[in-house]
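Please build the complex by placing chain D on the supplied structure of chain V, with the hints as guidance.
Chains as they are written, first to last, in my numbering: chain V, 1 to 312; chain D, 1 to 425.
Hints were generated in silico from the structure; no laboratory data involved. Idealized CB from N, CA, C, for every residue including glycine. Heads up, a few of these hints could be off.
Output of the computed footprint for chain D on chain V, the stretches with three or more beta carbons under 8 Å from beta carbons of chain D [said to hold, decoys possible]: (1) 82-93; (2) 294-302.
From chain D, some residues computed to sit far from chain V (all C-beta separations above 12 Å) [claimed, not checked]: (3) Leu13; (4) Lys29; (5) Thr390.
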Amino acid sequence: MEFVVISLLNGITYGLLLFMLSSGLTLIFSMMGILNFAHASFYMLGAYFAYQISTLVGFWPGLLVAPLLVGAVGALVERYGLRRAHRFGHVAELLFTFGLAFVVEEVVHLIWGKVAVDYKIPDELDGTLFTLFDTAFPMYRGFMMLVSVGMLVALYALLTRTRIGLIIQAALTKPDMVEALGHNVPRIFMLVFGGGTALAGLAGVIGGNAFITEPGMAAAVGSIVFVIVVVGGLGSLGGAFIASLLIGCIQTFSVGLSISITDVFALIGVELLEGSQVARLTITQLAPVLPYLLMVAILIFRPRGLMGAREN
Amino acid sequence: MNSAIFSRSRLALWGGCLALAFALPLVLKSGFIISLLCQIGIMAVFSLSYNMLLGQTGLLSFGHAVYYGLGAFATMHLLNAIGKGGGPLTTALLPFVGGLAGLAAGIVLGYVTTRKAGTTFAMITLGIGEMVAACSLMFPGIFGGEGGVSGNRVVGKETLLGFTWGPQVEMYGLIVLWAFACTIAMFALTQTPLGRMANAVRDNPERAEFVGYDTERVRFLMVILSGFFAGVAGGLSALNYEIVTAETLNAHTSGVVLLIAFVGGIGFFYGPIIGAILVTVMQIVIGGMTHAWLLYFGLFFLFMVLVAPGGIASLIVVQRALWQAGLLGRMLPHYAATALPVLILLAGLVGLIELGYALLTGDAGVGAGDTATKVLGMQLQLGTPGPWLTALAVTGIGIVLTRWIGGRLRSEWNATLATLHGDKA
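Next up, chain D with everything else stripped away, as it sits in the complex:
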């Protein structure tokens, strides 16, 4: 064992996180929050497994949901096959079977996909993902057709230390245990020679070949291992939702995990965890407020690609570096000054999108073309130009102010960064 993996500060951090994860449901007792936390845990494992490819090996995959979905289906079928014969212990171990299914899929599909790297790899994974998704609709006996396969995670009458996994809180505990085990395993993998070689293959494949490593083999191994962890996440999702549909392995799921990992930050091990928390919370909170949530999410993603390609994690890391250099105080007033115009701009844009959405599609209960509707809790007359002009004006003011104050923020930012790097040099 590498001592760096289990250094005292890391152990303290992980212990703290584990304690926090177990303490959360004691404080926040609402069922809504607990199912939200379950979803976050599953997505965190899934997106971490995705980042083993994109962040650590430089492989952009558009078909990662295949491993997740196959893991979920394998778990669900085994759960149903065991039926009354099993107990809580077997159920708790089922995600491992999901992982093995993901691993097997990784061996078969990875053999084809990892022959190429870069852009070609991205296109091939897209094609393979589509192929598996199309196959899943061809075999309704295995994949349940449109309705999916459902099951019951409570099997048998016995309990394991009093747990049956029936209540959502107990399921949450199981997810936390699996998520922590997987996270630590994935982190440990980054410290192994294989993990290091994956980084080398990402950064300079030619040189890795010269040193004597087979880049194709390194990619292949990483795809297999990442397939395993994606399968575990799929198995957890099968137990958590008690239903698996063909949607779990289609292109949409693959796209979502890519967005999560990228928004969180692919350059950092824990980036995808931040992404999973942020995106899941956004999805539930904003998705509950408006039907245009996917549009906002897509725009947010484009914004991140253009402005902060390192993801949220990179922003946090830079702030910490500034703080340690004693420069954060210099930036804070500028952040505060920029927040206001950005909020104005956002309010204007959201207003425009929501008005358009209400006018064109008709929001809940309001038919398309109806004149009166509720937008963000306000009763508005859609037919009149008033709300539209207001939203346009707010957007315009927001753009002007953001450009003006944003320019000052940028020059201050560049100056501060120059100071920071100057100090280091």
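Pulled out of the complex, with its shape left as it was, chain V reads as follows:
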């Protein structure tokens, strides 16, 4: 019971963090048709910017400034890179973001080195929020949850309750019509791209010190975010939300379970032959592969994803 509740809380925290990444990716994809390969690189940039700011003026200014900086970088990338690549089609855009991810990782190597940096949780949040069945739930996890949920509510309100949100929604499906009505659609694209990358940056700011801030963090999270988007259904925010929580919980639960297939069979009284490597793997060891297995299963049984629209 204790394990279930604590893992569930941790899984939801991690899932919400993943959703901050996948929501930006989904918005950018459904609006511009661009699969931003460098999305996780902006997550990494957020963490490194926040680390740099925290060493200079502390964590709290970084929480605000770092995502804005990342968003500005994203907007510049859209304005001077993607818009140019757009003329050569979708493959060129995808390749551009792929090359960008490559360059960002090298620049991070160049500036901050190849080993992890010491990006710490601020002292005010370094404590226990509550204790549940003898297990302490860290205050920072609660803070992460608060920021993610706050961000979600703000994003929802922005998209559905404000004028700019309505224009963005309109530009999602009918960009030509929106342009004909006198709106500057390329600038909206730039805003959405900047906003999406800023969300990724914010995820980096609050995720970088909870997990680890190192040059490999972009690649580690990047492929998981792609899995989420495929599982949830390409271009579906609701699907991305469900898939984020699902993957977050799968990863958290699987890390804590040291049961293997042999053990499961032993429970029902069947003794498996010794020596089979596959059967002796524990779920913990399988943890890195589980999200991908889920993706393969979804692709076989429901190719359009959980909530995706049918392709035509």
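Okay, now just chain D, sitting in the frame of chain V:
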């Protein structure tokens, strides 16, 4: 057999290339050059197999290293299993087994990946690639864990016409033979109905479906066949390096082959070969000079995406068309005039990056923050503003000059192209 594949001019071209490939080690006897040539041969086969997907079928794959790596592991394990029982002939044929492993992987993984095309295909291949890479670390018994699996390509005491494949030159000969066989086979495939249908599926899948072809099936077949050739390349790499690590099938290798094929030019059959030569030489030459080589490579790739998305091959093809139309002479002075400011700009940028690199990470032997360092062979004082201002100034001058002269080049270029197309029309 299609007569177009083996036309007299093609045979002459291939014969010439084969003769050149065999003549190279006779002229350039250094071991360094020969191992460089081996690497080029392997990468050429690998990137050609990649272009069967990206260039010919329009499938952008981020997990192509899986087939390469599995081919390499299969070859290495079979080599070790045969051990003393084999001989040079079996060793020479081992890359075929690597190919079969790649083919089998193509059947299993392609079944899942080819259900979708376009962007979704790209994401799925990325996920599948990550999955196989993660699996490879779970089974150290098969994939050798961190250390990889190593072997010895010289088995038994007998020789095949005097060859044991032990010396690097003999290995080079083997690679050349395999590379040529694979290249010709892959080229022949482009001329078959399947190769043509792959082009159709790339250009207009809807219409291909209407004509009665199953696009999913065409994609599936192309993934399987491309997996075979990637596996052969992997098998060659296993024999060449005599070690296979988990890195051969991870995302980095997949990324590199994509970069090579794209830089060379995905729209042309031989584009990836140009890419393999260029990137391998750059990697060895520039990589030997500076630690920031990957950054330069990434920037070069971004530049190619934005300026010449057709790759080097497309630039060559355009020049040839200009030459045939007698227009190349008009452009040459402009090329020459543009080269100088571009060189100035490059010198400034390289200076800035190298200074930053030396200051922040500390280059070989020089600790981070040390004031004196060697940048591009020059002894510089990092702490003083002098080198920085110089590099900045050179970059600034380069930008201004490039913009100015580059604008003239562009207008002349557009005018020349208009003439060229006008002549044709």
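Any of the earlier hints contradicted here, and which numbers? The structure conflicts with no hint, since it agrees with every one listed earlier.
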